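Note that the UniProt record's numbering numbers the sequence shown so that position 167 is 167, with each residue one more than the last.
No lab work stands behind these hints, which were simulated from the structure alone. The structure presented is a predicted model; accordingly, all values stated were derived computationally and were not measured. It is possible that some hints are incorrect.
[Unchecked claim] Label pairs and their calculated CB-CB ranges: (1) ASN215 to THR140: 33 to 43 Å; (2) THR79 to THR134: 34 to 44 Å; (3) GLU26 to LYS98: 29 to 39 Å; (4) THR79 to ALA59: 37 to 47 Å; (5) THR95 to LYS208: 18 to 28 Å; (6) PRO109 to ILE3: 37 to 47 Å; (7) SER143 to ASN76: 51 to 61 Å; (8) LYS137 to TRP24: 32 to 42 Å; (9) ASN76 to ALA139: 22 to 32 Å; (10) GLY190 to ILE3: 13 to 23 Å; (11) GLY96 to ASN76: 33 to 43 Å; (12) SER143 to THR118: 38 to 48 Å; (13) ASP145 to PHE77: 36 to 46 Å.
[What the hints assert, rightly or not] As a list, the in silico DSBU-like pairs of lysine-lysine whose alpha-carbon atoms are at most 30 Å apart: (14) LYS208 to LYS98; (15) LYS156 to LYS138; (16) LYS63 to LYS98; (17) LYS98 to LYS148; (18) LYS178 to LYS137; (19) LYS106 to LYS178; (20) LYS160 to LYS138; (21) LYS70 to LYS148; (22) LYS138 to LYS63; (23) LYS137 to LYS148.
Beta carbons: idealized from backbone N, C-alpha and C, even for Gly.
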Amino acid sequence: MHICGGTLISAQWVLTAAHCIFSWIEYNVKMGDRSIHRENTSLVIPIQRVIIYPEFSSAIIVKNDIALLKLQHPVNFTTNIYPICIPPEAFIVATGTKCWVTGWGKTDPGAPSVPTDTLREVDQHIIHYEQCNTMLKKATSSSHDLVKRGMICGYKEQGKDACQGDSGGPLSCELNDKWVQVGVVSWGIGCGRQGYPGVYTDVAFYSKWVVAVVNQAPRSSPLVFLILPLCLL
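Work the whole structure out from these sequences, hints included.
See the structure below:
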């Protein structure tokens, strides 16, 4: 059963959204194929450990929506299985940068809750949290801040957005010939509505925590090296 997306960031770690994690579910990660059903090049690996950001909260507004999954064993990298780059804390992606969100979520907000068979992608333009907050407050007539530090937004014309089932997946930008994950699909008000940007966890904001968790974790093998610092821009 498909629940959420995630991104391989090293041989044994996957980045996802904290709101995807439920204590009663035993998770597996499937990787290596664009099809959710095909198994020609894919691997399915159980999760050994789940680490949710300590200050995650889903009360009223989802905040600090980030988690790490440790795979039961390291994977060998192939042309279909390869880690994405994680930006350093000081990294700021420029407003208006064209990036891509990918996932197996709904392509129609009104459709039943079933994943699409094939991995889809849609381009988004980056909006920083202050402007995004202003847009969403106006759209919802809210007097409260909805988008805060640690969040980043993506927006395109009506109908282009992440949707249910895409949570935890990457918002990625091609920068300096590298694919860099700048966001994790977190929340939105509907899908693809005019004037309603999609909200993502800002990966750069949490990169120190991500690197610290992966560095401090016991290695299952002396041959498993940490790839995260090699990907920092």
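A quick look at each hint next to the structure:
For the pair ASN215 and THR140, the beta carbons lie near 40 Å from each other, so the given range of 33 to 43 Å is met. Range check, THR79 to THR134: about 42 Å between beta-carbon atoms, so the 34 to 44 Å window is met. At roughly 38 Å, the beta-carbon separation of GLU26 and LYS98 lies within the given 29 to 39 Å, and the hint holds. Evaluation of the 37 to 47 Å hint for THR79 and ALA59 yields a pass: the beta carbon distance comes to about 43 Å.
The hint said 18 to 28 Å for the Cβ distance between THR95 and LYS208, and at roughly 23 Å that hint holds. The hint said 37 to 47 Å for the Cβ distance between PRO109 and ILE3, and at roughly 18 Å that hint is violated. As the Cβ distance of SER143 to ASN76 is approximately 52 Å, the hint placing it in 51 to 61 Å holds. For the pair LYS137 and TRP24, the supplied restraint of 32 to 42 Å holds, since their beta-carbon distance comes to about 36 Å.
Hint check: ASN76 to ALA139, Cβ distance near 46 Å, so the stated range 22 to 32 Å is violated. At about 20 Å, the CB distance of GLY190 to ILE3 agrees with the hint of 13 to 23 Å. The given range of 33 to 43 Å is respected by GLY96 and ASN76, whose C-beta atoms sit roughly 38 Å from each other. Distance hint check: the CB atoms of SER143 and THR118 are about 42 Å apart, consistent with the given range 38 to 48 Å.
A C-beta distance of roughly 41 Å is found between ASP145 and PHE77, which places it inside the suggested range of 36 to 46 Å. In summary, the hint linking LYS208 to LYS98 is supported, as the alpha carbons are separated by about 25 Å, within the 30 Å threshold. Distance hint between LYS156 and LYS138 is fulfilled; the C-alpha atoms sit about 17 Å from each other, no more than 30 Å. A threshold of 30 Å between alpha carbons decides the hint, and for LYS63 with LYS98 the separation of about 24 Å falls inside it, so the pair holds.
Proximity of LYS98 to LYS148 is assessed by CA-CA distance (about 21 Å); at most 30 Å being required, the pair is judged to hold. A hinted pair counts as satisfied when its Cα atoms are at most 30 Å apart, and LYS178 with LYS137 does not qualify at roughly 34 Å. A distance of roughly 28 Å separates the Cα atoms of LYS106 and LYS178; the hinted pair therefore holds under the 30 Å criterion. With a C-alpha separation of about 20 Å, the suggested pair LYS160 and LYS138 falls inside the 30 Å cut-off, and the hint holds.
Only pairs whose Cα atoms come within 30 Å are accepted, and LYS70 paired with LYS148 is accepted, the gap being roughly 28 Å. This hinted pair checks out: LYS138 and LYS63 have alpha carbons roughly 20 Å apart, not beyond 30 Å. Note on LYS137 and LYS148: the hinted pairing holds, with a Cα-Cα distance of about 12 Å set against a maximum of 30 Å.
Hint check: violations occur at hints 6, 9, 18; the rest are consistent with the structure.
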